[in-house]
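Take the sequences, apply the hints, and build the full model.
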Amino acid sequence: MTPEELSELAVAERQRLDRLAHQINVCTATACHASGSEAIKTRLTAEVRERGISGQCLIRGVGCRGLCTNGPMVSVEPQGVLYQHVTADDAPALLDSLASEPVSHIQAPTDDPFYTRQHRIVLEHAGEIDPEQITEYIAVGGYQALAKALYEMSPADVVDELTTSGLRGRGGAGFPTGLKWRTVAKALSDRKFVICNGDEGDPGAFMDRSVLESDPHRVLEGMAIAAYAVGAHEGFLYVRAEYPLAIKRLTTAIRQARQRNLLGDAILGTPFTFHVEIRLGAGAFVCGEETALIASIEGERGSPRPRPPYPAEVGLWGRPTLINNVETLANIAPIIKNGGAWFAGIGTEKSKGTKVFALTGQVKNTGLIEVPMGISLREIVFDIGGGVPEGRSFKAVQTGGPSGGCIPDELLDSSVDYESLTRLGSIMGSGGMIVMDNTSSMVEVARYFMEFSMTESCGKCIPCRVGTAEMHGILTRFCEKRATERDLALLEQLCDLTRHASLCGLGQSAPNPILSTLRYFKQEYLAALESNQPEEVGAAAEEGRS
Amino acid sequence: MTVPPARIRTLTIDGKDVGAREDETILDVARENGIWIPTLCQMTGLSNIGACRLCLVEVAGSTKLQPACVTRVEEGMQVTAHSDRLAEYRKMIVELLFAEGNHICSVCVTNGHCDLQWLAQRLEIDHIRFPYLYGKRSVDASHERFVLDHNRCVLCTRCVRVCDEVEGAHTWDIMGRGTNARVITDLAQPWGESTSCTSCGKCVSVCPTGALFEQGKAVTEMVKHRELLPMLLTMRGRQR
Numbered sequence: 007m008t009p010e011e012l013s014e015l016a017v018a019e020r021q022r023l024d025r026l027a028h029q030i031n032v033c034t035a036t037a038c039h040a041s042g043s044e045a046i047k048t049r050l051t052a053e054v055r056e057r058g059i060s061g062q063c064l065i066r067g068v069g070c071r072g073l074c075t076n077g078p079m080v081s082v083e084p085q086g087v088l089y090q091h092v093t094a095d096d097a098p099a100l101l102d103s104l105a106s107e108p109v110s111h112i113q114a115p116t117d118d119p120f121y122t123r124q125h126r127i128v129l130e131h132a133g134e135i136d137p138e139q140i141t142e143y144i145a146v147g148g149y150q151a152l153a154k155a156l157y158e159m160s161p162a163d164v165v166d167e168l169t170t171s172g173l174r175g176r177g178g179a180g181f182p183t184g185l186k187w188r189t190v191a192k193a194l195s196d197r198k199f200v201i202c203n204g205d206e207g208d209p210g211a212f213m214d215r216s217v218l219e220s221d222p223h224r225v226l227e228g229m230a231i232a233a234y235a236v237g238a239h240e241g242f243l244y245v246r247a248e249y250p251l252a253i254k255r256l257t258t259a260i261r262q263a264r265q266r267n268l269l270g271d272a273i274l275g276t277p278f279t280f281h282v283e284i285r286l287g288a289g290a291f292v293c294g295e296e297t298a299l300i301a302s303i304e305g306e307r308g309s310p311r312p313r314p315p316y317p318a319e320v321g322l323w324g325r326p327t328l329i330n331n332v333e334t335l336a337n338i339a340p341i342i343k344n345g346g347a348w349f350a351g352i353g354t355e356k357s358k359g360t361k362v363f364a365l366t367g368q369v370k371n372t373g374l375i376e377v378p379m380g381i382s383l384r385e386i387v388f389d390i391g392g393g394v395p396e397g398r399s400f401k402a403v404q405t406g407g408p409s410g411g412c413i414p415d416e417l418l419d420s421s422v423d424y425e426s427l428t429r430l431g432s433i434m435g436s437g438g439m440i441v442m443d444n445t446s447s448m449v450e451v452a453r454y455f456m457e458f459s460m461t462e463s464c465g466k467c468i469p470c471r472v473g474t475a476e477m478h479g480i481l482t483r484f485c486e487k488r489a490t491e492r493d494l495a496l497l498e499q500l501c502d503l504t505r506h507a508s509l510c511g512l513g514q515s516a517p518n519p520i521l522s523t524l525r526y527f528k529q530e531y532l533a534a535l536e537s538n539q540p541e542e543v544g545a546a547a548e549e550g551r552s
Numbered sequence: 007m008t009v010p011p012a013r014i015r016t017l018t019i020d021g022k023d024v025g026a027r028e029d030e031t032i033l034d035v036a037r038e039n040g041i042w043i044p045t046l047c048q049m050t051g052l053s054n055i056g057a058c059r060l061c062l063v064e065v066a067g068s069t070k071l072q073p074a075c076v077t078r079v080e081e082g083m084q085v086t087a088h089s090d091r092l093a094e095y096r097k098m099i100v101e102l103l104f105a106e107g108n109h110i111c112s113v114c115v116t117n118g119h120c121d122l123q124w125l126a127q128r129l130e131i132d133h134i135r136f137p138y139l140y141g142k143r144s145v146d147a148s149h150e151r152f153v154l155d156h157n158r159c160v161l162c163t164r165c166v167r168v169c170d171e172v173e174g175a176h177t178w179d180i181m182g183r184g185t186n187a188r189v190i191t192d193l194a195q196p197w198g199e200s201t202s203c204t205s206c207g208k209c210v211s212v213c214p215t216g217a218l219f220e221q222g223k224a225v226t227e228m229v230k231h232r233e234l235l236p237m238l239l240t241m242r243g244r245q246r
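Line by line, the protein sequences give chains A and B. All you need for our numbering is the position in the first sequence, starting with 1, plus 6. All you need for our numbering is the position in the second sequence, starting with 1, plus 6.
It is worth saying that the hints were derived from the structure and are not from the lab. In this text the structure is predicted, and so the values were computed from the model without any measurement. It cannot be assumed that every hint is accurate.
[As the list claims (entries may be wrong)] Distance ranges between label pairs, derived from CB positions:
id : chain 1 : residue 1 : chain 2 : residue 2 : range
1  : B       : Thr-50    : A       : Glu-491   : 39 to 47 angstroms
2  : A       : Glu-491   : B       : Ala-12    : 16 to 24 angstroms
3  : B       : Asp-90    : A       : Glu-396   : 29 to 37 angstroms
4  : A       : Pro-315   : B       : Leu-234   : 41 to 49 angstroms
5  : B       : Ser-205   : A       : Pro-209   : 55 to 63 angstroms
6  : A       : Asp-415   : B       : Asn-39    : 53 to 61 angstroms
7  : B       : Ser-53    : A       : Glu-491   : 54 to 62 angstroms
8  : B       : Arg-91    : A       : Ile-284   : 40 to 48 angstroms
9  : A       : Asn-344   : B       : Asp-20    : 28 to 36 angstroms
10 : B       : Cys-206   : A       : Ile-284   : 39 to 47 angstroms
11 : B       : Leu-234   : A       : Pro-314   : 50 to 58 angstroms
12 : B       : Asp-90    : A       : Thr-258   : 58 to 66 angstroms
13 : A       : Trp-323   : B       : Thr-204   : 49 to 57 angstroms
14 : A       : Trp-323   : B       : Thr-50    : 25 to 33 angstroms
[Stated by the list, open to error] Below, a list of computed lysine-lysine pairs in the DSS-like style, where the Cα atoms sit at most 30 angstroms apart:
id : chain 1 : residue 1 : chain 2 : residue 2
15 : B       : Lys-142   : B       : Lys-208
16 : B       : Lys-70    : A       : Lys-356
17 : A       : Lys-487   : B       : Lys-208
18 : B       : Lys-230   : B       : Lys-208
19 : B       : Lys-97    : A       : Lys-528
Cβ coordinates follow ideal geometry from the N, Cα and C atoms, glycine included.
Printed below as a string of structure tokens:
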């Protein structure tokens, strides 16, 4: 395929879709799938066939629209009608309404702040196209950025564009992507690799899963551009085996891209070659750490090793390797297409672009959102999220998963960017955001995350392996009101040790949930101590005796 | 073929000026100059993995602590190998090991010949501040010559590495996560049923504690022959 053929295919596909009177999009991402969206799609397809309107009305499965609480979601285009809580029984009414007014009892408002306050770049096609049809991706301009990179830009130009964009790694640490690409591009080797890190394991996070399920070609295109920029010809997509739908769609996407000559040898008629394979992870949290991920792909036990040397120098099978997260790679195509300066115009001075968050917990609108950097936490929780459900009040929002921290009410006006979240004692992380109301015990929250870190520790280094187990034990004593002043001191010592002496970033950040709750909710720890005063113990003993 | 000469670097460790080859680690140079840095997972002759974190040192200009065993020397580096902070961390790390396993020296076959016990003495540990975890761990005495006592294993993986890198059998490996991580033989079969084990005993000689010992040894009788590995590698011409 040549770039001209690609453009012609896009035009032809758009014309085909424009000829349709209606396109009914049924969300078939995991959340809606779990609430029965496949049955809705089947029923709609059968009804359309029965009514003999298959030629005018297309029923298709699309990716995630975001508001998972209200699923299954169905939209009717080009009319722009959105439905929520749809069941298969709604299908006849929905088709009847195409010529008249929308079905009112399931209609969803599209002017809700949940939709209007978002800025979708990564998720721009999610819920709009069929992730299993490459032609639909091509119709919305897919693979044009790859064609542009291959035909109009040198690898160095691509890296420059990325540097200009100011994009930072969306996996959590926020390392400048342009700089990472440049170091791999500079590494001398006859063989280099590009790895897409899809090992998402934070409790409450499903951003990468959603991107892979909704728009797999976007990630593949990003990988191909990355490979061209750094001089790699082989790539691996490392995805958790717990994401069967994402894996299925990626497998389909890779096959279709190969058939269309958008992956493989002589891509788009150029000498550039890039082969991608999927690698399934067994679901170890630590395999998201880049050196552990590399070990896992090599067939070794997924344990991190000390860095330096960094994977950019010594990576997969000892070769220079570029590792980027799913969301980072999903940002590449629009940056190449629209230019780095366009991207740099969004967000804050040091944190550019948008960030996808999985908003969960005690909030009305749970689901997937994409917001510009610099938005306040309050806007996310109250405007987009709709606040906590009736009868309860907001207490804290947890960002960054087990490596992050809890941010209290009084700091809700803080901006969401890498630096400011770090200043608050939390991190951006990969984008899990859990809202907690006044019924949550922050000591319990810290214990929950510590239990996660404890059971997910790879066991290689002692501060993380034993430190997390000891911290979990002490937090349990607090939760059971058995803790003493000495436990509090020990807890602080262990946080300090684990943070500074652990081998990898996961161990180093494991104490964060404790540190942030100690910082903002210390009274809850002290309250647990107060109830452990000798007189009360004595009184309880008296009671037991009587 | 001539080997290009390694460059020489000068640096300071604890204020002492030292010279080093560019391919040496901080630990190598410290040892050459009589500066003691505690280690546990490290063993000369085996690959360095930086896992036990006892050899962490401070390097001027970096807020992160660096493991001396895998950190290469650099020109002008200012290394602090001994400070109150490092001493405290090292003590805590060894204490955590005592809290994790079931290390009762008085009934141990390697009492008096144990690296962990020696480290505790050297680091002046007189009590363990952390609650004991009392993990339920088993003993595998199925091998005709050796015994594996998980209670005393500190997961330094010296056995895993010596078996893989020196013996070439790769009988040993690790399974499980966190404090449930265990050394295993083959696919977690009893050691005595291992088809890959050559019964060479290298793992027993490099094990720092009484986790691996010879059958029939009573308390204090299990003396480890640490000198075997360097000698063996020298004879094979493979000294690292």
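These are the hints, each one checked on the structure:
1. Taken as a hint, the range 39 to 47 angstroms holds for the pair Thr-50/B and Glu-491/A, whose Cβ atoms sit roughly 45 angstroms apart.
2. A beta carbon spacing of about 54 angstroms between Glu-491/A and Ala-12/B contradicts the range 16 to 24 angstroms that was offered as a hint.
3. Between Asp-90/B and Glu-396/A the C-beta distance comes to about 54 angstroms, which lies outside the given range of 29 to 37 angstroms.
4. At roughly 31 angstroms, the beta carbons of Pro-315/A and Leu-234/B sit outside the given window of 41 to 49 angstroms.
5. Range check, Ser-205/B to Pro-209/A: Cβ separation about 46 angstroms, and the 55 to 63 angstroms hint is violated.
6. Judged by the Cβ atoms, the range 53 to 61 angstroms given for Asp-415/A and Asn-39/B holds: they are separated by roughly 56 angstroms.
7. In this structure the hint that Ser-53/B and Glu-491/A lie 54 to 62 angstroms apart at CB is violated, the actual value being about 44 angstroms.
8. Range check, Arg-91/B to Ile-284/A: about 45 angstroms between beta-carbon atoms, so the 40 to 48 angstroms window is met.
9. Distance hint check: the CB atoms of Asn-344/A and Asp-20/B are about 55 angstroms apart, inconsistent with the given range 28 to 36 angstroms.
10. Evaluation of the 39 to 47 angstroms hint for Cys-206/B and Ile-284/A yields a pass: the beta carbon distance comes to about 40 angstroms.
11. For Leu-234/B and Pro-314/A, the Cβ-Cβ distance of about 33 angstroms falls outside the hinted range of 50 to 58 angstroms, so the restraint is violated.
12. Take Asp-90/B and Thr-258/A: their Cβ atoms lie about 59 angstroms apart, and the range 58 to 66 angstroms holds.
13. Against the hinted window of 49 to 57 angstroms, the Cβ-Cβ separation of Trp-323/A and Thr-204/B comes to about 28 angstroms, which falls outside the hint.
14. Range check, Trp-323/A to Thr-50/B: about 27 angstroms between beta-carbon atoms, so the 25 to 33 angstroms window is met.
15. Distance check on the hinted pair: Lys-142/B and Lys-208/B sit about 27 angstroms apart at the alpha-carbon level, within 30 angstroms; holds.
16. For the proposed pair Lys-70/B and Lys-356/A, the alpha carbon gap of about 23 angstroms is at most 30 angstroms, so the pair holds.
17. For the suggested pair Lys-487/A and Lys-208/B, the alpha carbons sit about 49 angstroms apart, so the restraint of at most 30 angstroms is broken.
18. In summary, the hint linking Lys-230/B to Lys-208/B is supported, as the alpha carbons are separated by about 10 angstroms, within the 30 angstroms threshold.
19. With a C-alpha separation of about 28 angstroms, the suggested pair Lys-97/B and Lys-528/A falls inside the 30 angstroms cut-off, and the hint holds.
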